[in-house]
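For the protein sequence lines, the chains are S and C, in the order given. At position 15 of the first sequence the residue is numbered 15 (my numbering), and the sequence of numbers has no breaks. At position 94 of the second sequence the residue is numbered 1094 (my numbering), and the sequence of numbers has no breaks.
The set of hints was computed from the structure by calculation and includes no laboratory data. There may be inaccurate statements among the hints.
Chain S side only, calculated, beta carbon under 8 Å to chain C, not exhaustive [what the hints assert, rightly or not]: (1) Glu53; (2) Leu107; (3) Ser126.
Keep in mind that this is a model prediction, so the values were computed, not measured. The beta-carbon is built from N, C-alpha and C at its ideal position, and this holds for glycine as well.
There are 2 protein chains.
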Amino acid sequence: MNQILGEQSIAFEQSSYIIGDACIAGEKEGQGPYKNEFDKIETDPYFGQDSWEEAESQLQLQTAALALEKTGLTSRDIRYIFAGDLLGQNIATSFGLMDLNRPLFGLYGACSTLGESLSLGSMAISGGFADKVMCLTSSHFGSAEKQFRFPLEYGNQRPLSATWTVTGSGAFILSSEPPRAGASVRITGITTGAITDYGITDSMNMGAAMAPAACDTIFKNLQDFSRMPEDYDKIITGDLGSIGQEILIKLLRDKGYDISDRHLDCGIEIFDADTQDTHAGGSGCGCSACMLSAHILKQLRAGVWKRVLLVPTGALLSTVSFNEGQSVPGIAHGVVLESA
Amino acid sequence: MNQILGEQSIAFEQSSYIIGDACIAGEKEGQGPYKNEFDKIETDPYFGQDSWEEAESQLQLQTAALALEKTGLTSRDIRYIFAGDLLGQNIATSFGLMDLNRPLFGLYGACSTLGESLSLGSMAISGGFADKVMCLTSSHFGSAEKQFRFPLEYGNQRPLSATWTVTGSGAFILSSEPPRAGASVRITGITTGAITDYGITDSMNMGAAMAPAACDTIFKNLQDFSRMPEDYDKIITGDLGSIGQEILIKLLRDKGYDISDRHLDCGIEIFDADTQDTHAGGSGCGCSACMLSAHILKQLRAGVWKRVLLVPTGALLSTVSFNEGQSVPGIAHGVVLESA
Chain S
1 MNQILGEQSI AFEQSSYIIG DACIAGEKEG QGPYKNEFDK IETDPYFGQD SWEEAESQLQ
61 LQTAALALEK TGLTSRDIRY IFAGDLLGQN IATSFGLMDL NRPLFGLYGA CSTLGESLSL
121 GSMAISGGFA DKVMCLTSSH FGSAEKQFRF PLEYGNQRPL SATWTVTGSG AFILSSEPPR
181 AGASVRITGI TTGAITDYGI TDSMNMGAAM APAACDTIFK NLQDFSRMPE DYDKIITGDL
241 GSIGQEILIK LLRDKGYDIS DRHLDCGIEI FDADTQDTHA GGSGCGCSAC MLSAHILKQL
301 RAGVWKRVLL VPTGALLSTV SFNEGQSVPG IAHGVVLESA
Chain C
1001 MNQILGEQSI AFEQSSYIIG DACIAGEKEG QGPYKNEFDK IETDPYFGQD SWEEAESQLQ
1061 LQTAALALEK TGLTSRDIRY IFAGDLLGQN IATSFGLMDL NRPLFGLYGA CSTLGESLSL
1121 GSMAISGGFA DKVMCLTSSH FGSAEKQFRF PLEYGNQRPL SATWTVTGSG AFILSSEPPR
1181 AGASVRITGI TTGAITDYGI TDSMNMGAAM APAACDTIFK NLQDFSRMPE DYDKIITGDL
1241 GSIGQEILIK LLRDKGYDIS DRHLDCGIEI FDADTQDTHA GGSGCGCSAC MLSAHILKQL
1301 RAGVWKRVLL VPTGALLSTV SFNEGQSVPG IAHGVVLESA
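Construct the entire structure; sequences and hints are all you get.
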């Protein structure tokens, strides 16, 4: 039986295996520290389309197709897709994945959506509802700036606390069976986040808004699984950026846990802030998805890391909520990844 | 074991029980044919708040609280919430449910979100991941018109094919155990929809855009479960409206199934089009949610109906996709409800 742990966690009896994955990143990401690790770097920000939204849809479709191709599968082998993006009404996902013609659960968890999709995907596998599912998220600098901030043509200045939305997508194929050959990674547990709201109202400082949510989910994970930070080789957040990271480490220290020697943040990792002018770091659903595919899974498959807690973090705002003076609540969904 | 049926369906071995529910509707809904069936009718369209979005959040919170109260539970008894709304970045849900402080899976399936939430909620129960979950959706006429169409102050005319967004919310508590007393309703199966796109580009005719999706999901359900329409007392769609209903019945006839004598559409039911000037009918995530709580569950509990196929339908558009000339794809998620 699957074990329900504490208030927010599950330890899966039947783990799901990540048997395939792919990531495609944009040009700027392709100039960063992980330039040699992405499956593909697309230098055309429009991905051959006519709008930023269509570009992101095309990015999703290409990433999904590449994950299938690398795994030797066709879309018919996938029972469910769990996917989402940052745009209003999830249109990158709807228009991107419709041609795959698979049962689709559309998700919205802002930049935490990767954690949400892997959580629900692994529940579908571990619950015996599917043999194989695909979990996919994306973000696109152009579509996100247009949706959340200013038109690119406006050329506004950005405060140093701002993050840079990653143009990228990652797709992950989960299976009830291990891959036929080679090392694998299993999802052995999840810790599902609740919304936390510390009253942050600065949409240009999303790291500060999301850090309490990441703290809460990591704390609950350690408690629910009766683990210490040392039981994970790495604890990896989604896109807190440099300011959020500081806050997270401090908040967890206040609760008695020191993760400073094993914390990584995908947003800090994906760009070189010194040379790429990305301020606090990268963000977006595509950030943690690209880093999971390009780097984290590889380290786990190689056995460099044995167990990782991945915690994609989301800032639950819209331009409407922000312009109406609402705060920016955060949410974070934790996924336990182990080398198999 | 749960049975995986065909390409898109699951028959649950361990059904989940809908042990509690509540619905709150707006004033116009409260003047319609089901005025005596809603738990509460709120005549203040702002629900005591300052904006349409906050009004919808308040509507969600009140509905969730009422469902808990009616069931004799507190939010701590709920392991997961599966919820969504129509607004960009799901803000009605994020700001509405954060005070419940429960692990939250944010969903987006446009008006099909009720089907999506009941599907994932019943998977969580049937998979042994939770004892009790809450599934909740909402829509609000004011927030939806502002998001998708025109400011209310503009007073635009509406074509007869347009639907009227329901101000309403329904919350459903699913449990692995039947209720302590009284008749109950079980979720015995699901059929998860894929996106269908017939190239409809008229956002004022969403019934036509969604009918093919409803047809596809109903067809797959009948095939996957080896059932005929007669095996259901009712086949109930979400918000096709009168034009979509005609198309659905015709499309299914072309595939060899006649559902005309047992089809209901929540959008047609919830208003009296002749006297309420609602044109093609009601729509929105709150439409099917209110009708499920106010009417469908009651008929099932009373044994008037034994088995119902509920198919909430969604039109996957945003103002951005629509204004960029994209089509309006549809999706529909089917849920099999049986009196227990």
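Non-conforming hints, listed in increasing numerical order: none
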